[in-house]
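*Asks:* Here are the chains, one letter per residue:
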Amino acid sequence: MAWYLARRLAASVVVLLAISFCVYLLFYSGPSDPARVLCGKPCQPERLSQIKQFMGTDKSAVVQWVDFVKGLFVGRTYGTGAEAARCAAPCFGFSFDQRQSVTSLIWSRLPITASIAIGGAVVSLIVGMTLGPLAARFRGGVLDGLVRGGSLLLVAMPAYLLGLLAILVFGFQLNMVPVSGYVPLSESPVDWAWHLILPWCVLGLINGAAYARYARNQMLDELGSDYLLAERATGASARRVRRTARRSVWVPVTTLFGIDLALMLGGTIFTEKVFSMHGIGDLLLGGVSSHDLGIVVGTALFGAALIIVGNLIVDIVQGFIDPRVRRG
Amino acid sequence: MTAAVARARSPLSLALRRTARSFGGRLGAAILLLVLLAGLCAPLLAALEGQDPHAFNGDLVDGNNGGNPFGSFGGVSGTHWFGVEPGTGRDLFALVVYGIRTTVIIAIAATVISVIIGATIGMAMGYLGGWFEAVLGRFVDFMFGFPTLLFLIALQLIVPSSIPKPVVLTVVLAAFGWVSTARLIHTQTRQLAAREFIDAARASGTPLRRVFVSELLPNLVGTLAVVVALSFPATVAVSAGLSFLGVGLDPSSPDLGVLIGQSITWTYTGADAGYLIFPSIALLLIILGATLLGDALRDAFDVRTESGR
Amino acid sequence: MAEPRTSVEPALRLRDLTVTFGGAHPVRAVDGVDLDVHPGRVLAIVGESGSGKSATALASIGLLPGSAEVTGSATVAGVDLVTAAESQRVPLRGSSIAMVFQDALAALNPYRTIGRQISDAYRLHHRVDKTAARKRAVEVLDRVGIRDPERRVDDYPHEFSGGMRQRAMIATAIVNNPTVLIADEPTTALDVTVQQQVLDLLTGLTDDLGMALVLITHDLGVVAETADDIAVMYAGRIVETGTVLDVFDHTAHPYTRALLQATPNLDAPSRRLAAIPGVPASGANRPTGCAFHPRCPFAEQVGEACQTVDPHLTPRPGSALHRAACHFTAEQELPHV
Ligand SMILES: Nc1ncnc2c1ncn2[C@@H]1O[C@H](COP(=O)(O)OP(=O)(O)OP(=O)(O)O)[C@@H](O)[C@H]1O
Ligand code: SF4
Ligand SMILES: [Mg+2]
Chain P
5 MAWYLARRLA
15 ASVVVLLAIS
25 FCVYLLFYSG
35 PSDPARVLCG
45 KPCQPERLSQ
55 IKQFMGTDKS
65 AVVQWVDFVK
75 GLFVGRTYGT
85 GAEAARCAAP
95 CFGFSFDQRQ
105 SVTSLIWSRL
115 PITASIAIGG
125 AVVSLIVGMT
135 LGPLAARFRG
145 GVLDGLVRGG
155 SLLLVAMPAY
165 LLGLLAILVF
175 GFQLNMVPVS
185 GYVPLSESPV
195 DWAWHLILPW
205 CVLGLINGAA
215 YARYARNQML
225 DELGSDYLLA
235 ERATGASARR
245 VRRTARRSVW
255 VPVTTLFGID
265 LALMLGGTIF
275 TEKVFSMHGI
285 GDLLLGGVSS
295 HDLGIVVGTA
305 LFGAALIIVG
315 NLIVDIVQGF
325 IDPRVRRG
Chain C
80 MTAAVARARS
90 PLSLALRRTA
100 RSFGGRLGAA
110 ILLLVLLAGL
120 CAPLLAALEG
130 QDPHAFNGDL
140 VDGNNGGNPF
150 GSFGGVSGTH
160 WFGVEPGTGR
170 DLFALVVYGI
180 RTTVIIAIAA
190 TVISVIIGAT
200 IGMAMGYLGG
210 WFEAVLGRFV
220 DFMFGFPTLL
230 FLIALQLIVP
240 SSIPKPVVLT
250 VVLAAFGWVS
260 TARLIHTQTR
270 QLAAREFIDA
280 ARASGTPLRR
290 VFVSELLPNL
300 VGTLAVVVAL
310 SFPATVAVSA
320 GLSFLGVGLD
330 PSSPDLGVLI
340 GQSITWTYTG
350 ADAGYLIFPS
360 IALLLIILGA
370 TLLGDALRDA
380 FDVRTESGR
Chain W
7 MAEPRTSVEP
17 ALRLRDLTVT
27 FGGAHPVRAV
37 DGVDLDVHPG
47 RVLAIVGESG
57 SGKSATALAS
67 IGLLPGSAEV
77 TGSATVAGVD
87 LVTAAESQRV
97 PLRGSSIAMV
107 FQDALAALNP
117 YRTIGRQISD
127 AYRLHHRVDK
137 TAARKRAVEV
147 LDRVGIRDPE
157 RRVDDYPHEF
167 SGGMRQRAMI
177 ATAIVNNPTV
187 LIADEPTTAL
197 DVTVQQQVLD
207 LLTGLTDDLG
217 MALVLITHDL
227 GVVAETADDI
237 AVMYAGRIVE
247 TGTVLDVFDH
257 TAHPYTRALL
267 QATPNLDAPS
277 RRLAAIPGVP
287 ASGANRPTGC
297 AFHPRCPFAE
307 QVGEACQTVD
317 PHLTPRPGSA
327 LHRAACHFTA
337 EQELPHV
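Chains as they are written, first to last, in my numbering: chain P, 5 to 332; chain C, 80 to 388; chain W, 7 to 343.
Treat the hints as calculated values from the structure; they're not laboratory data. Among the hints, erroneous ones may be present.
Short, incomplete list of chain P residues facing chain W, as computed with Cβ under 10 Å [unchecked claim]:
{"#": "1", "residue": "Ala93"}
{"#": "2", "residue": "Ser108"}
{"#": "3", "residue": "Leu232"}
{"#": "4", "residue": "Glu235"}
{"#": "5", "residue": "Thr248"}
Between beta-carbon pairs, the in silico distance windows are [claimed, not checked]:
{"#": "6", "chain 1": "W", "residue 1": "Arg157", "chain 2": "P", "residue 2": "Leu9", "range": "34 to 44 Å"}
{"#": "7", "chain 1": "P", "residue 1": "Phe324", "chain 2": "W", "residue 2": "Arg157", "range": "37 to 47 Å"}
{"#": "8", "chain 1": "P", "residue 1": "Phe324", "chain 2": "C", "residue 2": "Gly208", "range": "45 to 55 Å"}
{"#": "9", "chain 1": "P", "residue 1": "Arg12", "chain 2": "W", "residue 2": "Gly84", "range": "55 to 65 Å"}
{"#": "10", "chain 1": "P", "residue 1": "Ile130", "chain 2": "C", "residue 2": "Ile195", "range": "33 to 43 Å"}
{"#": "11", "chain 1": "C", "residue 1": "Gly208", "chain 2": "W", "residue 2": "Asp213", "range": "50 to 60 Å"}
{"#": "12", "chain 1": "C", "residue 1": "Pro243", "chain 2": "P", "residue 2": "Asp230", "range": "49 to 59 Å"}
Reference excerpt, derived from the structure (chain P facing chain W, CB under 7 Å, subset only) [as the list claims (entries may be wrong)]:
{"#": "13", "residue": "Gly175"}
{"#": "14", "residue": "Asp230"}
{"#": "15", "residue": "Tyr231"}
{"#": "16", "residue": "Ala234"}
{"#": "17", "residue": "Arg236"}
{"#": "18", "residue": "Ala237"}
{"#": "19", "residue": "Thr238"}
{"#": "20", "residue": "Gly239"}
{"#": "21", "residue": "Ser241"}
{"#": "22", "residue": "Arg328"}
Think of the CB as a built atom: it goes at the ideal place given N, C-alpha and C, for glycine as much as any other residue.
All chains should be modelled from the sequences, with the hints used to inform the complete structure.
*Replies:* In structure tokens:
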């Protein structure tokens with residue numbers, strides 16, 4: 005197991021390096037010059053080269069990538085002297101516009117995104133894993149029809165649409181819940197949850213519908229499997245066999261859940277935009293509109309890193325819940 | 080070799096007949112056709128209504144009340160069938176039909192390109208095998224769980240502004256959309272390649288291109304139909320999503336995503352929700368119709384796609 | 007091989023067992039099967055694919071899906087599993103009648119250790135704690151010939167070899183000392199060398215535990231070596247039954263004869279059935295009269311009757327149990343070829 009882990013870890017690092025290399029080639033040898041953006045419209049050539057030097061963009065894309073990787077592991081310092089800006093490890097880049105490291109920017113936004121993502125993921129898991137197996141149990145019944153029809157509609161429904169409709173109905177027509185803004189958990193847990201309830205339900209319904217459909221089909225597959233027939237042949241009741249099947253369904257669902265969570269932690273972009281919350285997705289969008297290459301590249305790479313780490317964790321967890329994966 | 084084609088053709092028509100018989104397939108096709116037709120005939124329909132999607136009608140909105148349209152339901156009337164947009168007073172019906180047109184054209188173009196890329200890569204992987212398959216397989220697996228959206232957004236920053244936005248959007252969507260196609264076609268090709276007639280073609284030294292076109296493709300027609308039908312709605316959703324976020328098309332383009340994106344502003348003014356409802360319904364119908372049709376095709380062709388997600 | 011003990015109550019008694027799969031085109035998979043299986047004896051059920059062997063087995067243990075309509079009776083421990091309520095059937099499964107499936111890899115839960123699966127099966131019928139159940143699991147694993155059972159008890163199915171998995175499944179089935187064990191093609195998925203070991207294990211258990219074993223197989227060589235009695239099925243019906251000696255030495259049904267002839271050499275290592283000419287009949291397309299008549303070489307000699315009159319099982323030379331359903335052999339013996 006340890007050997008397996010080490011190998012997977014090494015592979016993850018290699019993949020991350022490869023992605024960042026491609027990104028640097030693409031973004032830092034392209035026509036968009038971050039120094040020129042910062043320099044402003046009447047831009048003296050010496051000032052431009054000064055800025056370039058400060059940013060490190062006077063070097064080739066490959067050298068810049070090497071600097072980036074170094075910064076990831078040991079941090080780095082931009083510029084020299086009084087103007088110098090320190091970016092501690094893991095340094096995902098620097099926003100010269102806001103004179104802050106991307107890492108600290110991400111860090112300040114992460115609580116918002118994490119609140120949305122984790123809450124939404126938990127709701128979706130609850131929705132999916134209650135409705136899915138129930139629909140399978142009463143296959144062809146009313147609930148099954150609702151789950152299948154509802155999941156078809158909800159899976160087709162873009163999150164932003166459902167979010168806007170939810171704001172319209174529950175926020176404005178019924179005036180039940182707040183429609184925007186974020187209250188930190190440390191300030192008031194109740195307000196925190198109250199402000200997040202709509203985004204959680206929106207994400208929970210949309211992802212939960214997908215889980216429900218998946219869990220339903222998976223459950224039906226399991227119920228038709230030989231080993232459950234064999235379990236019944238040993239004298240297990242139909243109810244006990246269904247319990248066994250539900251446990252088996254958790255195995256693939258856990259995998260989906262882990263990946264989805266990592267994806268969402270990278271930025272719940274639509275939800276943040278709809279509910280005016282300033283999470284990581286908002287950071288990225290802001291970076292795009294202010295042409296802040298540091299933020300854009302940093303956030304995108306952070307998202308990629310999350311997915312890779314998420315995959316790694318899912319693999320490890322899978323090793324624990326699915327014995328067939330375990331041998332390294 | 081013609082035998083292989085003939086063999087492939089009859090299951091094809093059988094499956095198509097199965098699709099046509101299924102309720103979901105019929106409903107999906109009907110919805111899709113209706114909405115596509117509306118998009119295709121957008122200029123005609125707008126002319127029929129007598130409105131132009133680009134015309135601002137300041138007289139139809141109440142400047143003193145946050146730009147809300149005069150009249151009930153967002154100004155729905157005989158001349159403005161869906162009412163008008165708050166603030167600008169542009170005709171919503173014309174905007175929606177033109178919006179469908181833009182959204183659908185971009186999605187079709189992106190889907191076609193991505194399916195061509197994906198199918199070619201998938202077939203090459205399955206047919207050639209060896210290290211080519213191994214390396215690309217890893218890459219495809221990796222891309223499959225990749226936070227594509229983040230990179231789609233990030234890319235906006237480095238694309239020169241001289242290239243028209245619709246072209247950028249199409250290319251970007253296609254560049255990230257081919258992965259699932261490649262995956263599916265790869266597995267199918269590998270199964271086919273294990274069959275004798277492909278082996279025979281390979282052994283007799285038939286050139287690669289010929290094998291692809293005359294042996295593999297006819298047997299993959301069903302899968303390709305399913306792939307197109309299922310990746311089209313996904314592309315529609317992502318493309319509208321990008322425009323919604325303001326990183327797709329220009330805010331002035333008549334596009335469903337843009338329309339829905341702008342509606343955020345109006346939501347907070349408390350205006351009647353027509354500006355959100357009509358484009359949303361159009362977008363949902365496209366996605367839903369295509370998904371229904373795709374599901375029916377998949378069942379009919381008995382193609383196993385990634386889980387039930 | 008023991009003499010038939012007709013006086014003793016059979017461990018499993020099937021009477022007029024009929025299974026119909028519903029749907030747009032109902033299929034009568036099993037059609038009026040009568041069988042008695044006695045403690046300590048091995049009954050082999052043979053027949054081509056689709057003849058209704060598995061359906062008979064699953065009906066006997068009451069595990070057919072809801073789409074199947076079952077009539078007649080299947081009596082185990084005094085309870086008719088066809089008509090009994092599910093609450094009555096559940097405690098009988100595993101304790102009185104148990105089953106071994108063809109594909110052990112599919113029939114064992116991949117997420118649970120072998121030991122857990124055996125002890126779970128044990129605890130369904132015995133009020134004991136986990137330690138005691140585990141002890142019992144080790145004991146049965148030892149009995150079915152798993153070496154080092156103390157250690158292997160915590161292995162998962164994928165860590166076992168094919169033969170060991172089949173042994174483990176047998177262990178799950180016999181952990182509660184059932185009176186009837188149904189083994190549906192228990193060796194088809196195994197290597198030839200392992201096949202023999204598993205069959206030896208099954209017959210050994212039959213003797214030791216006094217179980218009645220129903221062995222479903224395609225393989226007449228297996229029948230010759232391991233079974234006491236045999237029932238030959240064709241299109242959902244038993245066409246010939248008796249002791250193995252009766253049926254092999256005084257074959258009284260042309261279909262049985264064809265099966266035996268299609269088996270090249272009873273002692274050869276691989277004895278899969280060679281094809282019998284013609285299309286097998288099934289419940290879905292059952293010919294009139296004798297279902298075998300389109301493929302039967304004697305049908306012409308008999309004439310009309312084979313196509314119009316349903317032959318019934320009637321006694322044939324040999325032991326008292328030897329019966330066959332054939333117009334031709336009702337009058338005369340099958341000519342030797
Ligand atoms: N669940 C089911 N639904 C409908 N028909 C079924 C079902 N299970 C079996 N049948 C049909 O019942 C008939 C008998 O099937 P059965 O599985 O008993 O055959 P078998 O003798 O065990 O064959 P094999 O040697 O292939 O295992 C077949 O015609 C089969 O198609
Ligand atoms: S009854 Fe006729 S057809 Fe049937 S097995 Fe006997 S001889 Fe052949
Ligand atoms: Mg069978």
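*Asks:* Work down the list of hints and note, for each, if the structure agrees.
*Replies:* A quick look at each hint next to the structure:
1. Here the hint on alanine 93 of chain P is broken, as its CB sits about 41 Å from the closest CB of chain W, past 10 Å.
2. Among the interface hints, the one on serine 108 of chain P is violated; its C-beta lies about 44 Å from the nearest C-beta in chain W, farther than the 10 Å criterion.
3. Hint on leucine 232 of chain P holds. Least Cβ distance to chain W is approximately 8 Å, under the 10 Å limit.
4. A cut of 10 Å between beta carbons decides the hint on glutamate 235 of chain P: the least distance to chain W is about 7 Å, and the hint holds.
5. Interface hint status for threonine 248 of chain P: upheld, as the beta-carbon distance to the closest one in chain W is roughly 7 Å, under 10 Å.
6. For arginine 157 of chain W and leucine 9 of chain P, the hinted distance range of 34 to 44 Å is not satisfied, since their beta carbons lie about 25 Å from each other.
7. Checked against the hint of 37 to 47 Å, the pair phenylalanine 324 of chain P and arginine 157 of chain W fails, with Cβ atoms roughly 21 Å apart.
8. A C-beta distance of roughly 34 Å is found between phenylalanine 324 of chain P and glycine 208 of chain C, which places it outside the suggested range of 45 to 55 Å.
9. In this structure, arginine 12 of chain P and glycine 84 of chain W meet the distance hint of 55 to 65 Å, their C-beta atoms being roughly 58 Å apart.
10. In this structure the supplied range 33 to 43 Å holds for isoleucine 130 of chain P paired with isoleucine 195 of chain C, their Cβ-Cβ distance being about 41 Å.
11. Glycine 208 of chain C and aspartate 213 of chain W have their C-beta atoms about 53 Å apart, which keeps the hinted 50 to 60 Å range intact.
12. For the pair proline 243 of chain C and aspartate 230 of chain P, the beta carbons lie near 58 Å from each other, so the given range of 49 to 59 Å is met.
13. For glycine 175 of chain P, the interface hint is violated, since its Cβ never comes within 7 Å of a Cβ in chain W; the closest pair sits about 44 Å apart.
14. With its C-beta approaching chain W no nearer than about 4 Å, aspartate 230 of chain P sits inside the 7 Å limit, and its interface hint holds.
15. For tyrosine 231 of chain P, the shortest C-beta to C-beta distance to chain W is roughly 5 Å, which falls under 7 Å, so the interface hint holds.
16. Interface hint status for alanine 234 of chain P: upheld, as the beta-carbon distance to the closest one in chain W is roughly 4 Å, under 7 Å.
17. For the restraint placing arginine 236 of chain P at the interface with chain W, the shortest Cβ-Cβ distance is roughly 6 Å, inside the 7 Å limit, so the hint holds.
18. Restraint check, alanine 237 of chain P versus chain W: the minimum CB separation of about 4 Å is within 7 Å; hint holds.
19. A cut of 7 Å between beta carbons decides the hint on threonine 238 of chain P: the least distance to chain W is about 4 Å, and the hint holds.
20. A hinted interface residue such as glycine 239 of chain P counts as satisfied when its beta carbon comes closer than 7 Å to some beta carbon of chain W; here the least separation is about 3 Å, so the hint holds.
21. Because the smallest distance between the Cβ of serine 241 of chain P and any Cβ of chain W comes to about 5 Å, under 7 Å, the interface hint for this residue holds.
22. With its C-beta approaching chain W no nearer than about 5 Å, arginine 328 of chain P sits inside the 7 Å limit, and its interface hint holds.
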